[in-house]
Amino acid sequence: MTDEIAVLIIEDEPLWAQGLAQNLDAFGFSVAGAAHDFESGALALGSLQYDIVLLDIHLQGRESGIELGQLLSTVYQKPFIFITASYDAATALNALRARPSAYLTKPVNPASLFATIQTALHNFSARAAAPVPRETAPAPDSFFVKQGDKYKKVFWKDVVSLRSEKNYTGVLNASDGTTSYIRSTLPKTLRYLVPAGLQEAFIQVNRAEAVQLSFIRELAREEVRTAFGSFSVTESYLKPLKEKLRILG
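Position one of the sequence shown corresponds to residue 1 (the numbering used here), numbered consecutively onward.
Simulated from the structure, these hints should not be mistaken for lab results. Glycine included, every Cβ here is placed at the ideal spot set by N, Cα and C. Hints may contain errors.
Stated by the list, open to error - Pairs of lysine-lysine, DSSO-like flavour, derived with a Cα cap of 27 Å:
1. 188 <-> 150
2. 244 <-> 188
3. 153 <-> 166
4. 166 <-> 146
5. 239 <-> 157
6. 78 <-> 150
7. 242 <-> 188
8. 152 <-> 166
9. 242 <-> 157
10. 188 <-> 152
11. 152 <-> 78
12. 78 <-> 153
What the hints assert, rightly or not - The calculated label-pair distances, taken between Cβ atoms and stated as ranges, are:
13. 200 <-> 74: 23 to 31 Å
14. 3 <-> 155: 15 to 23 Å
15. 3 <-> 228: 23 to 31 Å
16. 199 <-> 165: 19 to 27 Å
Given the sequences, and given the hints that come with them, work out the whole structure.
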């Protein structure tokens, strides 16, 4: 299976930190550790192994999270996401100078958390800092999976199929014919992880598999055929599939 992306949480409210950790686990990330103030956060940055940091701007009532963000940008050169309940003008300006890769606003919902981590990895790989958010950003059109010490970018438009593999979803990529894995169930992947604009493009063909409509070349008897293989269609999924393919009768 694909290696899990490790996330360090620096958050001074234990309930928020616990909720973040639970959501990270539910969507296939591992938690590298948690810190609750500036001092333990600074120690964690230099001692733990992590790929990305969720960082509260206001630690114990101060904007010390911004100082940690500056350390991440200049010393450790790791992507990080600023989290806060609100931004005033001064805080926004200071946050911008730290060059975060993305922002999250409390309360954080699971789908936004997954999408924002993917956006942050994209921005970091492009060496771009995120602007201070003014409205909810759309879900990214791609996601990253960890492979060893590298991150592989997969575009949703190139995903041929999604297959349930117990607690994972196998993602077949048309660009290179390989399968990557997300630690998420198939229903959760279809509901929360596929961008809203592409959710209608995927159709479930059996209990374990969904196929992107644009890759279907033909429907023959009890299977759909693509250039990357055939997928069985069970009776309960046949009618919705025909409707999606605009097959009459």
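TODO: Hint by hint, work out which the structure violates, then give me just those numbers in ascending order.
DONE: 13
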